[in-house]
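In the order they appear, the protein sequences are chains A and B. Heads up: the first sequence is residues 490 to 612, going by our numbering. Heads up: the second sequence is residues 59 to 504, going by our numbering.
Treat the hints with care, since some could be wrong.
With a straight-line Cα cutoff of 27 Å, these simulated DSS-like cross-link-like pairs (lysine-lysine) come out [claimed, not checked]:
no., chain 1, residue 1, chain 2, residue 2
1, B, Lys109, B, Lys210
2, A, Lys528, B, Lys379
3, B, Lys475, B, Lys501
4, B, Lys287, A, Lys528
So, partial list: chain A residues that the calculated Cβ filter (under 10 Å) puts toward chain B [to be verified]:
no., residue
5, Val522
6, Tyr523
7, Leu526
8, Lys528
9, Glu538
10, Val541
11, Ala547
12, Asp550
13, Ser564
14, Gly565
15, Glu568
16, Glu571
17, Ser593
No lab work stands behind these hints: they were computed from the structure. Quick reminder that beta carbons are idealized off the backbone N, C-alpha and C, glycines included.
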Amino acid sequence: MKYTETHEWIEVTGLEGIVGVSAYAQNELGEIVYVELPKVGVQIAKGQEAAVLESTKAAADVYAPVTGTVTEVNSGLNENPERIAQAPEGTGPEQGWLFKLRLSDPAQLNDLMDAVAYKKTVS
Amino acid sequence: MDFISNGTVQIQQMLQTLGIASVQQLFQSIPQQLLVEKPLADDGMSEYEGKLHMQQIAGRNRFQDCASYLGAGAYEHHLPALVEAVCSKSEFLTAYTPYQAEASQGMLQSIFEFQSVICALTGMNLANASLYDGATACAEALLMAMRLCSGKNKVLISSALHPHYRGVVENYLEAHQLQIVWLPLRANGALDIENSLPLIEAESAALLLQSPNFFGLMEECEPLFAKAKQLGVLSILCANPLAYGIYASAGELGADIAVGDAQPFGIPLQFGGPYAGYIACRASLMRQMPGRIVGETLDAEGRRGYVLTLQAREQQIRREKATSNICTNQALAALAALVALLWYGKEGVKALALTNFQRASYLRARLGELGALHLDSGPIFNEFVVQFPADLKHVTAHFRSHGIEPGVDLGRYYPEKSGCLLIAVTETKSQALLDRYVQVASKLKL
């Protein structure tokens, strides 16, 4: 799992990546009450706004960690946004991941941090 | 501490930073001849003289002696005395939603009740705390549709939408990469359904109709809204809310968003405002609703209370990505509308709407009997168009000499409608007044 400075994570298998927000970010945002997910099929550039997480007091943008095309969204979050709090870094069917990306340029992954480096930035 | 005037020391520091010698230097670009010398030789009128002067000017206003049939978006209605009594309570005398909102439970409750009556009238699931007016409500609804259908860049708007509303909408949409398609009209001013239907395409974000439209005609919205729904286009209906007293609600007609001006309820005519725009929508569109929304909740002790809700959409949190960057509403005008609506009640609103319809229909029928005037066909609410076979200046002068303001000259807005008057009839026009209108019309030398 790789992390961005803006608190997204991406778990890559082959050319497909699963994207979510870090446990730290989730905790900072407070109770998430609404998730706005991207549309399947849209291309999103690295650093571009991909999703919005809304808590009772704030709304935060989620940026794409790398460039790619959205292949699937975690639509279960529409009804159950609390899954993000329960398992923010979970990639399972009833967990807190946000969307899947088909990577355009896997080399971009090299710019991201591993878990150890990310932990240092938020501690 | 804020709001404490600057002392000499601070002023000197600021002048030094600016590199100038005196405060006056800041104003030296103002031409000398524009400056008024002090002390004034004439210090004007006393308060008493000023008041007399103003009364004299106001006395030249002949509005009170004249029976006005002007409508076109703002209507003369009876104002129940209760409206002013409630609205003048000092607790309500601010046009804004309060800062430190939850400390003002009474204000929040009145907004919550306003939202509830708008939902009841329009048949929608939720409404906001109000917007500036009907025109901005139309524009906000279109922007809302664009956010909900991101990627689409076209909106369809009826050519019979109020011309002022069209101007505001064009102004709002100018900065967006958006194409406006104007839907065609029939000769009588009603929407041309057959030729409008093919213009609805999946690439359109929204379809905006007005019914009763600018010419007072009730539109046949349903086939257009049904096609829009099939193609994923959002339907917006702009309406005089009083018309909902006898006609189907926006929800019943299949609209997704209902907008308009609440002026017909309790808000007096006053040179175009302040009025109160309303906007309501289906629950599924809630997150894109602009402006403020008051919600009902329970406090820590289980008692009912009111809060500003869904604030994460608003500009104090979302900044440039907010649903709207005009989060002002018209709380005082909305309160007036609320009090009038509650005063009339469910049955009263129906009766009031029916009276408007009947009196307008009566005048329309009687003018038709004169033979010399052309009246368009089509269902109406409280407004209709009459074409005079004479110069309108002459027609208007004739009516005015008999103490009647006969209607709005449509040629100003639609060149093809020159010679036509848009005539509004509300419950303020008794049968005797309407008969007098017909009598004066019959004396016209055509």
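Here's how the hints hold up against the structure:
no. : hint                   : verdict
1   : Lys109/B with Lys210/B : violated, 57 Å
2   : Lys528/A with Lys379/B : holds, 18 Å
3   : Lys475/B with Lys501/B : holds, 23 Å
4   : Lys287/B with Lys528/A : holds, 20 Å
5   : Val522                 : holds, 8 Å
6   : Tyr523                 : holds, 6 Å
7   : Leu526                 : violated, 12 Å
8   : Lys528                 : holds, 8 Å
9   : Glu538                 : holds, 8 Å
10  : Val541                 : holds, 8 Å
11  : Ala547                 : holds, 6 Å
12  : Asp550                 : holds, 8 Å
13  : Ser564                 : violated, 14 Å
14  : Gly565                 : violated, 17 Å
15  : Glu568                 : violated, 13 Å
16  : Glu571                 : violated, 16 Å
17  : Ser593                 : violated, 20 Å
When the structure is compared with the earlier hints, violations turn up for hints 1, 7, 13, 14, 15, 16 and 17 and for no others.
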